[in-house]
Amino acid sequence: MLCLHNIFFISYIYVKLVCKQNNIQLLSAKLIISNHNSTMILTDNKASIKGGEFLIKDIDASQIFIPEEFSEEQKMIAQTCLDFVRTEVHPRLDEIDYAKDTSLMVSLMDKAGELGLLGTSIPEEYGGFGMNFNTSMLVAEACGQGHSFSVALSAHTGIGTLPILYYGNDAQKSKYLPKLATGEWKAAYCLTEPDSGSDANSGKTKAELTADGKHYIINGQKMWITNGGFADIYIVFAKIENDKNLTAFIVEKDFGGITMNEEERKMGIKGSSTRQIFFNDCKVPVENLLFTREGGFKIAVNILNIGRIKLASAVVGASKGVISQTVNYANERKQFGVSINNFGAIKHKLAEMIVRTYASESACYRAGQNIDDAIEDLLASGVEASQAKLKGVEQFAIECAIMKVHGSEVLDYVVDEGVQVYGGMGFSAEAPMDRAYRDARINRIFEGTNEINRLLSVGTIVKRAMKGELNLMPAAMAVGKEIMSIPDFNTEEEDGIFIAEKKVIKNMKKAILMIAGASLQKFMAKFEQEQEIIINLADMLIETYVAESTILRVEKLITTRGEEACSLQKDAALIYLHNAVEKLNNAGKSAITSFAEGDELRVMLMGLKRFSKIEPFNLKDARRRITQAAIEKNAYVF
Amino acid sequence: MKILVCITNVPDTTAKISFTDSDTKFNKAGVTYICGPYDDYALSRAVELKEQSGGTVTVLNVGEADSEQVIRKCLAIGADDAIRVNCEPTDSYFVAQQIAAIASQENYDLILMGRESIDFNGGVVHGLVGEMLGIPSLSPVMKLDIDGKTARITREIEGGKEDIEATLPLVLGCQEPIAEWKIPNMRGIMTARTKPLKVVEPTGDDLTVTRKFELPAPKGAVKMIAADEVEKLVDLLKNEAKVL
Ligand SMILES: Cc1cc2nc3c(=O)[nH]c(=O)nc-3n(C[C@H](O)[C@H](O)[C@H](O)COP(=O)(O)OP(=O)(O)OC[C@H]3O[C@@H](n4cnc5c(N)ncnc54)[C@H](O)[C@@H]3O)c2cc1C
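Taken in sequence, the protein lines are chains A and B. Last residue of the first sequence? That's 638 in my numbering, and every number before it is there in order. Last residue of the second sequence? That's 244 in my numbering, and every number before it is there in order.
Source of the hints: derived by calculation from the structure; they are not laboratory data. Check each hint, because a few of them may be wrong.
Cross-link-like lysine-lysine pairs, in silico, BS3-like; alpha carbons within 30 Å at most [stated by the list, open to error]: (1) B:K182 with A:K179; (2) B:K50 with A:K179; (3) A:K506 with A:K620; (4) A:K526 with A:K57; (5) B:K223 with A:K334; (6) B:K28 with A:K633; (7) A:K75 with B:K28; (8) A:K111 with B:K50; (9) A:K463 with A:K503; (10) B:K212 with A:K633; (11) B:K232 with A:K334; (12) A:K283 with A:K244; (13) B:K219 with A:K334; (14) B:K16 with A:K334; (15) B:K198 with A:K75; (16) A:K111 with B:K143; (17) A:K583 with A:K620; (18) A:K467 with A:K506; (19) A:K283 with A:K253; (20) A:K633 with B:K223; (21) A:K111 with B:K182; (22) A:K503 with A:K50; (23) A:K620 with B:K16; (24) A:K391 with A:K75; (25) A:K334 with B:K238; (26) A:K463 with A:K57; (27) A:K75 with B:K25; (28) A:K75 with B:K16; (29) B:K195 with A:K179; (30) B:K182 with A:K75; (31) A:K633 with A:K75; (32) A:K75 with B:K195; (33) B:K50 with B:K143; (34) A:K633 with B:K182; (35) A:K506 with A:K391; (36) A:K266 with A:K204.
Starting from the given sequences, assemble the full structure and let the hints guide the process.
Structure representation (structure tokens):
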């Protein structure tokens, strides 16, 4: 379902390398598009950047949004969320996790509702605040330190509310959204079933129309339902009769026929309600069918896109919180007569935690703004508001998947090193790292596992290339040519910020194009089965996108604040880039050796080497500078 | 009821303190500013009183343009409008003068502020303003109820509490638990930008100049003395720490 289905039959990239002994020569590098004789390139009359286009386009720093550009009002909104989490949630973390019932969580959700935190994305006409996409991501970040509460909040505002907001008709929106915006009603999303997880469209839950045509009767079992224990509304996915695809329904708890198991006992986010829910002849009025019959899968996919990138910003928030705690601990804990922050081993960890978080944040809001811009463009061209929002996000599905994977893995890195810096106390339930470590883990699993999201990111790129929506072919061809030619030793000095680094990023993109092109050619329709290679490619894609976003962010910052004021940010960008190149190189090697042989193997490895060249830089000193600043601030430094 | 709430724009409690210009100026670089925590309580109580019995709440800040972020937050919490006196708040007398100048133009029933700012912690502005306006001032006030023209006040005093009744108008320096600390809600934040913020120029002169700031000496390392070496401890306290 979510993977690379049916994509590769249409056509394939054909980059043919013919190698003669040691005298390797590119004889032809051409693209064959079969069954598809329409033009490849959609005319693009808009200034906005398209999703996935970062792979083939040089993007100017001035074109991206950086978090430093958030307005005073947006910052105030974020501060409200942080203040709420710090005053209402943090003092009660144990109570929340070991609560006997859901009343505490419900009261926190009610309080969040009173502050308006549940209505940020809902238009004002439905009782919300109609904030733009990037602001809603900022809200997710600011609430991201709330452990189980964050999960409850994002399930309600995201997968619980958005299906109605984006796919509901006027009557449905008027009936449900105002109550969801205030938190009077709480929502859950019931897609997963015991036998239908990643393969979400395979659910067995059934909906049958009653003889009088007034109701659907839903029968089936759902699993892992966040907020299940206290929700008033469930978005339920079921198949009507023998339909192939899912249909979504808005089910009120009071419709009857709903029972549930006890709370799941979980590794982390223990205070988040997670239930198995049984629908036994649950009678749902026909007017509660959401969107269209068999349109449910589309809802699921599109709502998950939004959920993914919001998860990415939420985990940035969580990472920042953990980093501040860890820096504070490193400052206070003494061994061998000094604070452990004196030890290079600890400095290294703190710097890496900070750098990766900073990088993830950079890419997150860049993508968020791209989504806002796409929505604006669609609105301007007359598309209806909900549709514009959906299409805007869908346009950036690749970036959403990339950021979900990156953010959740950065958080897991951060909590893991957090535990390590805390030493024995890291393993103690008395100190905060224990909960942070356990709670972080779920992020790699829900909203599409990281495997599914990796497959999806590459799959979507290939699909768009095939459809002609993403003009990859000329770029792939040029790379094919380049690896057969003499390297460019042009060392002409150019003026500007990060000239060399931007060249590195350009090369990273070339490495991806080279390997994607060659492996697609090799496997053609069977490419889909080469998940190991696809995952290598996804890793390369992720690192490239994030490194580029970080470099561009710092470049933009330097142009406004001057180089001196941004020296730490510059260190962070360079550290990230070096790490990224190394990861790209590893993933690239792993991919190439998975399918190429003989001369082709050698040519590609040489190409990869060329494309992952970077000037040496004293990373240790740069890390120490960042850590020093964090030590002085006693917190996350940026 | 007309309430004036005077607020300070102060470095966050966790800010790293350093100085520039030969230790004559506070180094603002990288410092986050907040509304003085005691002022926050004063504002929260003002907003509660307004919610109970109507009236208006005006926020007043003596400070430069960079205070406006904090002023907007006060508007988001529920103040109706704001005035900023455009100058650096150099000392307590100068600030009190500005407040008195504004207050004398309007008939405020209550002038609330924090018991003290948390940057210089002078704690005298309320007293000065009261004197300048010729009305009573009380501090630190931890409970405030209004009944018509009568204020019922609980004040913290050395080792206990004091209940007072006084007639409006009054100047009060406030502290917790006078009100529940408020977080601005989304609606407040969205409406804050439309509320009026008037900027006026200061009156009177600065009377003092800061010649030099100095940080307290950093805390030295802690020496651990074994429990059975009391004499050594006493010796160190006498001869090294010189506290006995
Ligand atoms: C705490 C919690 C809360 C949740 N909340 C909700 C909720 O509110 N609503 C809801 O509907 N669901 C919810 N889920 C379900 C969640 O989305 C699923 O667990 C997730 O999608 C994975 O499905 P699964 O558990 O069946 O794993 P599986 O699909 O069985 O996956 C097992 C492993 O196989 C891998 N895998 C599966 N398919 C492929 C493939 N095609 N290619 C490569 N690898 C593959 C996966 O990546 C994973 O590593 C929640 C889950 C948890 C644990």
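(request) Of all the hints given earlier, name the ones this structure violates by number, lowest first. (result) none
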